[in-house]
Amino acid sequence: MSINTPNNSDYDDSDTPIAPVSIDPDAITTSSLKALQSTDQRKIMDIVDKLRRTGLNGIVGLPQLVVCGDQSSGKSSILEAITEIPFPRKENLCTRFATEIILRRSPSSTISITINPDKNRPKHEVTKLRSFHKSITNFLELPDIIEEATQVMGLGRVGEINSHAFSRDVLSVEICGPDRPQLSIQRTPTRGSVGISSLHELLSKLLLSHLIKELPHLQDEMATKYQSTLDNIQKLGEKRSTAYEQRMMLMKISMHTHDIIKSAIKGSYEHDFFGSVSIDTAVDSAENIRRFRAVIQHLNVISEDDDSDVDNDDKAQSEPDDLESLPTRTFLPQPKLFTRNEAIIWVQRVLERSRGTELPGYVNSMLISQLFWEQSQPWQQIASEHIATVAKKCKQFVYAFLQHTAPSEFHGQIGGISVDAALKNALEECKNELRKIVEDKPRDPMTYNHYYTTTIQKMRQEKHRSIGKRARHESETEYRQTNGGPVTLLNPDKMEKCFEDALEKNMDKFSSQEALDNQRAYYKNEIKYFINVVCKAAVERHLVSPLPEIILSPLVVTKLTDKQIEFIAAESHEITQQREYLESRKVMIETGMDIFREAMGGLGR
1 MSINTPNNSD YDDSDTPIAP VSIDPDAITT SSLKALQSTD QRKIMDIVDK
51 LRRTGLNGIV GLPQLVVCGD QSSGKSSILE AITEIPFPRK ENLCTRFATE
101 IILRRSPSST ISITINPDKN RPKHEVTKLR SFHKSITNFL ELPDIIEEAT
151 QVMGLGRVGE INSHAFSRDV LSVEICGPDR PQLSIQRTPT RGSVGISSLH
201 ELLSKLLLSH LIKELPHLQD EMATKYQSTL DNIQKLGEKR STAYEQRMML
251 MKISMHTHDI IKSAIKGSYE HDFFGSVSID TAVDSAENIR RFRAVIQHLN
301 VISEDDDSDV DNDDKAQSEP DDLESLPTRT FLPQPKLFTR NEAIIWVQRV
351 LERSRGTELP GYVNSMLISQ LFWEQSQPWQ QIASEHIATV AKKCKQFVYA
401 FLQHTAPSEF HGQIGGISVD AALKNALEEC KNELRKIVED KPRDPMTYNH
451 YYTTTIQKMR QEKHRSIGKR ARHESETEYR QTNGGPVTLL NPDKMEKCFE
501 DALEKNMDKF SSQEALDNQR AYYKNEIKYF INVVCKAAVE RHLVSPLPEI
551 ILSPLVVTKL TDKQIEFIAA ESHEITQQRE YLESRKVMIE TGMDIFREAM
601 GGLGR
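When we follow full-length UniProt numbering, the leftmost residue of the sequence shown carries the number 1, and every step to the right adds one.
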């Protein structure tokens with residue numbers, strides 16, 4: 001026989017209430033049961049019973065008294081000797097399943113008998129066994145009840161066809177009364193024996209000693225299990241089983257998200273979300289995407305190389321295409337390269353096919369419009385690909401901060417309901433804005449920027465400077481002075497001839513030269529405007545600036561229906577069950593700890 005602290009069985013008590021049958025307390029009170037209760041023991045057992053009633057016997061090991069032994073080794077006789085309860089000793093009757101004697105303190109005296117079914121039984125069998133409830137008024141009725149329980153468990157009579165030797169079900173006999181000791185009597189292997197007459201006193205002392213020894217360990221175990229339960233609850237995150245809880249959680253995420261996006265657009269990177277800079281990767285790489293303003297600025301910056309302008313006939317020249325620096329530009333046809341003479345020939349051919357009634361040398365605005373239209377044809381495709389690139393980076397950034405601010409199980413739902421649709425609408429609005437911008441391009445040439453005329457004047461100054469340098473070089477004549485020193489003089493006739501030769505006699509060629517210079521000046525002016533308006537009116541206005549308001553903003557969350565909120569934030573059935581289990585476990589442990597502290601204070605130990 002031994003005293004140990006096993007956990008409660010794996011069988012659940014039935015939820016169906018048993019109608020108590022009040023009986024005479026003396027009918028179920030024995031001298032042996034009274035002998036098991038000393039004053040100190042009763043106080044300690046009260047503590048254990050209160051803890052058991054909170055449900056802690058399934059969480060921590062509560063002390064119990066058990067009788068141990070092999071089959072037919074006399075366990076029933078031992079239990080009867082201890083408790084003076086008449087356990088049946090008919091062959092193969094009680095030993096075919098576990099029997100649990102539970103003594104509980106209660107205002108009324110009752111004897112209730114139930115079956116705790118094996119958890120591996122089919123559901124319909126569990127229901128049937130849990131419906132077994134008996135109340136008796138005298139221990140002499142117990143053998144008949146056990147016989148009936150044997151049949152209900154499906155064991156059958158020994159020797160009959162389809163009979164079973166053992167059952168994993170547990171027969172539970174609960175004895176309640178105002179003076180009952182708080183005990184659970186069960187079976188495990190035996191270790192020793194003493195005389196029945198002295199066993200009562202021995203058990204009382206042994207149980208008291210064991211309980212006093214185990215109580216500190218029990219307190220430590222409760223504290224450990226409590227902290228473990230709190231940790232597991234925290235891992236589940238905020239509770240979101242109701243529509244209100246779900247909406248509040250989304251609102252918290254929304255406010256956090258709104259602040260981060262605004263900071264990212266302003267280029268204020270103090271929040272820990274932005275992390276450190278990765279200088280070994282591209283500015284717009286995934287490693288740097290969180291620094292969103294830097295990425296957008298990088299994509300919008302257009303290099304303008306004024307040194308591409310030609311100043312003589314021998315230098316290769318392509319019309320300036322500043323949009324070429326965009327990353328997507330590599331997927332477009334490369335621009336054709338012309339020398340200035342080749343460009344003049346091209347303009348002259350267009351002029352001959354676009355001539356109006358204008359005088360020779362006069363630049364027709366329609367000719368400038370035609371030249372500009374041909375040169376600016378790739379702009380729309382370049383801008384469209386640039387917008388697509390920015391939109392892709394916007395989506396990449398949005399999902400990066402969602403991973404930071406929202407639980408992982410939210411990402412797909414938020415993307416499906418809020419993010420993807422919002423970004424798609426923003427992209428469509430941006431494309432519509434680009435179409436409006438492009439629609440203005442074929443109109444008659446028109447500018448109010450002095451940069452156009454300034455550029456033309458600079459081109460002419462450069463042309464005159466080049467002619468002057470050539471005339472000076474060709475008119476230089478070296479003379480030797482009387483004292484022997486050389487001197488360089490300019491020959492006015494040669495210089496005048498050089499200027500005369502620089503005049504273009506071919507009217508169409510002269511008109512083409514003037515048209516080319518005007519077209520280049522207008523192109524440089526318009527491309528600066530086009531780049532600015534695409535970046536500001538299209539990209540910034542429709543893709544970048546609206547992000548704080550269209551991506552899970554407080555206003556967006558407010559407009560979501562309850563079904564949408566539930567789709568995004570509702571807990572899965574498994575998480576809900578786990579949370580309910582942990583919350584009830586937490587309450588039980590807290591109650592047990594309170595009971596333990598109060599009882600230990602009253603015990604004075």
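No lab work stands behind these hints, which were simulated from the structure alone. Incorrect hints may have been included.
[Unchecked claim] Cut-off 30 Å, straight-line C-alpha distance, at most; resulting in silico cross-link-like pairs (DSS-like, lysine-lysine):
(1) 424 - 393
(2) 252 - 119
(3) 119 - 586
(4) 524 - 536
[Unchecked claim] Pair ranges (Cβ atoms, derived):
(5) 466 - 293: 41 to 51 Å
(6) 429 - 259: 23 to 33 Å
(7) 259 - 346: 51 to 61 Å
(8) 178 - 408: 48 to 58 Å
(9) 488 - 440: 51 to 61 Å
(10) 429 - 408: 24 to 34 Å
Glycine included, each C-beta is placed from N, C-alpha and C at the ideal position.
Consistency of beta-carbon spacing, residue 408 to residue 178, with hint 48 to 58 Å: Since the Cβ atoms of residue 178 and residue 408 sit about 56 Å apart, the hinted range of 48 to 58 Å holds.
Between the alpha carbons of residue 424 and residue 393, is the straight-line distance 30 Å or under? Within the cut-off at roughly 13 Å; holds.
Does the alpha-carbon distance linking residue 524 and residue 536 stay inside the 30 Å limit? Holds. Residue 524 to residue 536 sits at ~18 Å (cutoff 30 Å).
Take the C-beta atom of residue 429 and the C-beta atom of residue 259, compute their distance, and say whether it sits inside 23 to 33 Å. Given a distance of about 24 Å, which is inside 23 to 33 Å, the answer is holds.
Given the proposed pairing of residue 252 with residue 119, does the C-alpha separation stay at or below 30 Å? 42 Å, violated
Does the Cβ pair residue 488, residue 440 satisfy 51 to 61 Å? This hint holds: roughly 56 Å between Cβ atoms.
Quick check: does the Cβ-Cβ distance between residue 259 and residue 346 fall within 51 to 61 Å? 55 Å, holds
For the pair we were handed, residue 119 and residue 586, check the Cα-Cα distance against 30 Å. The given pair, whose Cα atoms are some 24 Å apart, holds under the 30 Å limit.
Do the Cβ positions of residue 429 and residue 408 conform to the proposed distance bound of 24 to 34 Å? 31 Å, holds
Has the hinted range 41 to 51 Å been met by the Cβ atoms of residue 466 and residue 293? For residue 293 against residue 466, whose Cβ atoms are near 44 Å apart, the range 41 to 51 Å holds.
Going down the numbered hints, you'll see the structure goes against just number 2.
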